Amino acid sequence: MHALLAVPFLGALVLACIPSAHMRAVRVVGVLWCCVPLAVAIGLFVQDDTGVSYTVHAPWIAWTVGGTAVHIPWHVSLDGFSMPFVMLAAIVCAVSGVAGFLLTKRWKAFYVLLLLLTTAVFGVFVARDVVLFFLFFELTLVPMFFLIGMFGKYGRERAANVFLVYNGIGSAVLFLAVVLLIVHAGSFAVVGTPTMGNSFTSDYAVIASNLAAMPHDGMHTVLFWLFFLAFAIKLPVFPLHTWMLRVHGEAHPAIVIVHSGVLLKMGAFGMLMFSFVLFPEVLRGAASALAVGAVVTIVVGAVMACAQKDVRLVFAYASLSHMGFVLLGMVAMNDNGVQGALFQLVSHGLISALLFFAVAVIETRTQTSDIASLGGLGQPMPFASAMLMIGALAALGLPGLSGFVGEWLVLVGAYDQWRTLTVIATGSVVLSAVYMLRVVLGIVFGPPPQKHRADVRTIEAFPMVFVAACIVVLGVYPSVLHDVTREATKTIVAPYEQLVDVGGGV
Amino acid sequence: MTTITLRLSDLVIMAPECILLLGVVVLTLADLWMKSSRTSIGIGALVVLCGALAAAVVQLVQETDATVLFGAYEADAFSSLCKIVLLLAACGVLGIAIGTPNETHAVGEMYTLYIPALMGAMLLVSSREWMTTYVALELLTISTIVLIGMRRAAIGKEAAMKLIVLGGVSSAFLLYGISFLYGCTGTTYYEVMASRLDMGQDASLITIAFVMIVASIAVKIALVPFHAWALDVGAGAVVPVAAFLSVVSKLAAIILLWRVCVDVLFPHAADVVVDVLFVLVCVSLVVAHVLALRQVTLLRLFAVSGIAHAALLLVPLIASGTRPDVDAWTIWLYYAVAYVLMNVGAFAAISLTHTTGTQPHVHQFAGLVYRAPWTAVAIVCIVLSLAGLPVSAGFFGKLFILLDALSQREGTAGIVLAALIVVGTVISFAYYFRIVRQMFWRPEGPVPPSSVRTRWFAQTVLWGSALGSVALGCAPGWLMELLAQLIAHTVVS
Amino acid sequence: MALSGDFIAFVVLASAIVFGVLTFLGSGVIVHRVVALALSFLGMAGLFVLLGAELIAGIQVLVYAGAVSIVIVFALMLTPSHTHKPRTPTWRALAALVGCGAFGGIIWAVLLERTTNGTPTDALEFAVRDVGVLLFGRYALALEIVSVLLTVALIGAIVIGQKQKGGAQ
Amino acid sequence: MTQTMTAYVLLAALLFVLGLYGVLTRREPIVVLLCVEVMLQAVALNVLAFAKYGGFEDVTGHVFVLFILAVSAAEVAVGVAVFLALVRQRGVDDVVKLDTLHAERQEE
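Residue numbers (the numbering used here), protein chains in the order written: chain A, 1 to 506; chain B, 1001 to 1493; chain C, 2001 to 2169; chain D, 3001 to 3108.
Fair warning: there could be bad hints in the mix.
[Claimed, not checked] Every beta carbon over 12 Å from chain C, so not counted as near; a handful from chain B, in silico:
{"hint": "1", "residue": "L1006"}
{"hint": "2", "residue": "C1018"}
{"hint": "3", "residue": "V1025"}
{"hint": "4", "residue": "D1065"}
{"hint": "5", "residue": "I1115"}
{"hint": "6", "residue": "R1151"}
{"hint": "7", "residue": "D1263"}
{"hint": "8", "residue": "D1275"}
{"hint": "9", "residue": "V1276"}
{"hint": "10", "residue": "T1297"}
{"hint": "11", "residue": "A1372"}
{"hint": "12", "residue": "A1419"}
{"hint": "13", "residue": "V1423"}
{"hint": "14", "residue": "I1427"}
{"hint": "15", "residue": "Q1438"}
{"hint": "16", "residue": "W1478"}
[Said to hold, decoys possible] Which chain A residues face chain B? A few, computed with CB under 8 Å, are given here:
{"hint": "17", "residue": "V70"}
{"hint": "18", "residue": "F146"}
{"hint": "19", "residue": "V162"}
{"hint": "20", "residue": "I169"}
[Stated by the list, open to error] Cβ-Cβ distance ranges computed for the label pairs, FRET-style:
{"hint": "21", "chain 1": "A", "residue 1": "Y154", "chain 2": "B", "residue 2": "V1296", "range": "22 to 32 Å"}
{"hint": "22", "chain 1": "B", "residue 1": "G1357", "chain 2": "A", "residue 2": "P19", "range": "30 to 40 Å"}
{"hint": "23", "chain 1": "C", "residue 1": "L2112", "chain 2": "B", "residue 2": "T1412", "range": "29 to 39 Å"}
{"hint": "24", "chain 1": "A", "residue 1": "Y154", "chain 2": "B", "residue 2": "G1357", "range": "13 to 23 Å"}
{"hint": "25", "chain 1": "B", "residue 1": "A1030", "chain 2": "C", "residue 2": "S2147", "range": "52 to 62 Å"}
{"hint": "26", "chain 1": "B", "residue 1": "E1063", "chain 2": "A", "residue 2": "A25", "range": "32 to 42 Å"}
{"hint": "27", "chain 1": "B", "residue 1": "G1357", "chain 2": "C", "residue 2": "V2031", "range": "40 to 50 Å"}
{"hint": "28", "chain 1": "C", "residue 1": "V2049", "chain 2": "B", "residue 2": "A1054", "range": "16 to 26 Å"}
{"hint": "29", "chain 1": "B", "residue 1": "A1030", "chain 2": "C", "residue 2": "E2113", "range": "56 to 66 Å"}
{"hint": "30", "chain 1": "B", "residue 1": "L1011", "chain 2": "C", "residue 2": "E2113", "range": "24 to 34 Å"}
{"hint": "31", "chain 1": "A", "residue 1": "G218", "chain 2": "C", "residue 2": "E2113", "range": "43 to 53 Å"}
{"hint": "32", "chain 1": "C", "residue 1": "T2090", "chain 2": "A", "residue 2": "T221", "range": "46 to 56 Å"}
{"hint": "33", "chain 1": "C", "residue 1": "G2105", "chain 2": "B", "residue 2": "G1200", "range": "50 to 60 Å"}
{"hint": "34", "chain 1": "B", "residue 1": "L1467", "chain 2": "A", "residue 2": "P380", "range": "32 to 42 Å"}
Because the hints were derived from the structure by calculation, they are not lab data. These figures come from a predicted structure and were not determined experimentally. The C-beta atom is built at its ideal place from N, Cα and C for all residues, glycine as well.
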């Protein structure tokens, strides 16, 4: 399983050693290497569809503070919970690697950074240790910062700075929360040392069991909100989303693919893993408020998407809206909700990858992403248009495609608890049809452009087909994913439902 | 009274300093008689430092624990470790200095004078007696003043003048505080003084003396209300000297504060001293970062950001309250090593990209990635460490310090410290990443690319620091264990 | 306080010193200032004698009243006429006054509060020899460091003071 | 006799504060330097008063003062050298201001 981490990292090293003058070599090696993690991930996925997880648990760093030892173990695990994320990350990174072909310069920097980013992203999803998680989470920041700032439109530098500031604040909050969490709940008695019995660890499992055994107190609330804030910036949730718009609007599509496809998911992953699972009591009190927040995010995203003039921004707001669904599913904290949220995450990752790849293809030909100046691309570029259509239909939740399953499950999960809110959220699905169709129809139909526009090349077609196939498979046969996540979801939801049962429902 | 004075065996105990002294004499004479080239003197100085380094390492390995002159000078594991850190930092500074275009009046002195300054710093570490402390401190200060004043440009003289005045005032406060303590106890030895001080009888006098001593050392460290000089002086010095000021002098002053607090101040008025330091550290953590945002000249920027790091280095001291334990010392040493690595590296980067005759400015990094991509990568590693991002020494240093502060200090104090550190870190992203932005996103700057590639010593320093930072970030446990093992018996005894 | 000869001497010398320092701070004429300061240094030497530190008094006369004052006089004379005196802003002077006043007040109050039990050690016999013994015994290390320090200061003064080579700015 | 010591110590405090005031308000480098010397002299006086009236049977205080004198002489030497070099480079009118470093900060 360490191959997941090692392969992209090695790739970055190898690429860094190829002189940038050999552009062709750099590009070929880069693209191929981006696909290796995908192969590894698929291998792991195929081997491990029974729910047996890969886990490595080894001592890593240990030192003492005030007579008590602190342990930071190297604890990584690929279980049913992280498997979908890892698969998604592998697919999206490979797609982004291919999209890197559409860049015009600095391929070497792109591939090195992308591979580093891939390493960090895998690390985030497999880490089962608080400090390790934070380490990888932070590590994604740096390559992303460079990627946004080096490739893209005119405003990319500002976008990168805004990205850094927002996420810097997020990770600072996270840092504080992690340290507080370790100090608060990381202590455990070492067997055989009765007197100076205390010792801290940052192991997620230990912390979780300690927290479960502890009586609820004010510190839990503080930690819950600190973690929530940190990940709400990443997800993003409604008032904290502005940085994400800039990134989506200004960075190169190849980078937006990774960003929208994977990085946003890290927010959801962290939020579920730290805020919601660790502190179910706090979640119980805050669930309704958070659900309102989620629905506001959904609606704002949908409404704003209708008003945009730029394709990228439409998709950006659509992402915001979809992330709202994810949040809604997660705060519902029941089987359907969490399953739906996970499903929605994966499906959205794929859809974003497809949509932005199409945008990349179109933008390379037309040099614009303004809806008004695009149009009639259906004739010269039938293939790209078809892919765009598939993505858009999936995004608006057409049954039979993956987007539908996720949203449906989330809504079913949420309906038990908040009827009105769920109805409002369902209403926004209609809106999503409005904005998606407006954009796609505007681009695909209409008078064909004067200039000749070449359709996609093979290398561009391949990833699009692959992703589209995944979307269809997931939509038609959702159990591919469900079977993997079912057990994990049960364990996630169990403490909360127990709590609700004891408390007699919310 | 029998006359007891320095013996030959004492010189062995003081071997690192003695080697430096011998070395500086030999080098000065060689400079006078042989008309040797500048670089060879610099390399000679480097050799002398390595000799002292070897001596310190030998002492550390042999677990030398001896005192000289009734305990005026003590060589123990912690002192040896501090000396090793200081020596490594000084080696880095010399590496930066060798090959820098000469901006000074002198030829050899530009290198040889680092050695007495370093000697002062090392004696400070080992001194357990006020007179020795005072003269060692002055040796450090005056040597640095001369180093600054030797710069040809008038700006260097001006900076030197400022440092003379400020150093004088802060020494006066230090001496005034000491004189009261002397008045209460009749001795200048830390240990005897600590045992004779009587808070019952002279509480207010002792307290005020303590506050004066802490304040005067805070001036040397440049903690915030006393920081203004550091910016001006840092900006007036040539790059290697600024590096020396910001790394060696600052660390020496922090070690001094640590020593004095543990030996003399904490046994008697821990709460007052800790409160004073707490306020200074909190203010420094915030103000230094905010000030740094406004700096464009690199030397000023690093002078200010050094203040924030210095404040961070004091956190383990005040977090532990009355008596820092092995862990506080270990954590401190770890961050000290990280601090040396990242700051020496940063100054090496500044020096490498700097054109003579101008003030180092952030624009000098513009487009560096196009003309020296590998150098740019090394600089990125150092910036990561400075900003406290993983995987770097700076990140783990901060993590250790935070965990220590939170677990040692119950209640609000620890949380306030932690929150300030975190807020400061976020602010620091903004100014540290300015350098990265220049390197990667700006077209090539006005600086000709020649100097970047040819200066091997500075390149070595840069790469050494960058790789060291990353290595410590990947395997922080290793150094922590080593340090804890080495100093365990010193602190416990 | 008994009206002994020592006391009268103290009062006279103390007033001389304070007068000297005040003149030094306040006067506008450069020569007056230097002379006033030299007067304070001499007065200080007198106090040292009263305190039984003849050796130090001698050094004080040589180093301060002698060398330092003369060096300063030379430094001032070598520089071009130096009539205009830069004014500090009033607010700054006021702030300094308040700060120093507060600081002085605190010290003053603390010192008045303190009472010592020690009896004066009258006229130390062989004080000079004892100083020597201490200096080369207990404080030998500090002495060695001072020697290095003085050497560095000497070299530094020479290097900084030497004429510029070439037309450097 | 204890009161005699108090008188000495109070005089020292007065001189120290006067020196400090001078440092804070005067601008001419040489004058500031001398004000620092006044502060150090005050410390010396303080120490000697303690040495005589503190009831300690040794001359540690005298050694203390010797070190202060030696170091401050070194400080003055370097200070005067720097001052003269500055005067030579800039002319005396600029020297009294010593504002270049500040000006640089404001330019930014």
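So, going through the hints one by one against the coordinates:
no. : hint                          : in the structure
1   : L1006                         : violated (5 Å)
2   : C1018                         : violated (10 Å)
3   : V1025                         : violated (9 Å)
4   : D1065                         : holds (18 Å)
5   : I1115                         : violated (10 Å)
6   : R1151                         : violated (10 Å)
7   : D1263                         : holds (17 Å)
8   : D1275                         : holds (17 Å)
9   : V1276                         : holds (14 Å)
10  : T1297                         : holds (18 Å)
11  : A1372                         : holds (29 Å)
12  : A1419                         : holds (31 Å)
13  : V1423                         : holds (30 Å)
14  : I1427                         : holds (29 Å)
15  : Q1438                         : holds (27 Å)
16  : W1478                         : holds (36 Å)
17  : V70                           : holds (6 Å)
18  : F146                          : holds (6 Å)
19  : V162                          : violated (11 Å)
20  : I169                          : holds (6 Å)
21  : A:Y154 / B:V1296: 22 to 32 Å  : holds (24 Å)
22  : B:G1357 / A:P19: 30 to 40 Å   : holds (34 Å)
23  : C:L2112 / B:T1412: 29 to 39 Å : holds (37 Å)
24  : A:Y154 / B:G1357: 13 to 23 Å  : violated (35 Å)
25  : B:A1030 / C:S2147: 52 to 62 Å : violated (21 Å)
26  : B:E1063 / A:A25: 32 to 42 Å   : violated (55 Å)
27  : B:G1357 / C:V2031: 40 to 50 Å : holds (41 Å)
28  : C:V2049 / B:A1054: 16 to 26 Å : violated (51 Å)
29  : B:A1030 / C:E2113: 56 to 66 Å : holds (58 Å)
30  : B:L1011 / C:E2113: 24 to 34 Å : violated (46 Å)
31  : A:G218 / C:E2113: 43 to 53 Å  : holds (46 Å)
32  : C:T2090 / A:T221: 46 to 56 Å  : holds (54 Å)
33  : C:G2105 / B:G1200: 50 to 60 Å : violated (24 Å)
34  : B:L1467 / A:P380: 32 to 42 Å  : violated (53 Å)
Against the hints set out earlier in the document, violations occur for numbers 1, 2, 3, 5, 6, 19, 24, 25, 26, 28, 30, 33, 34.
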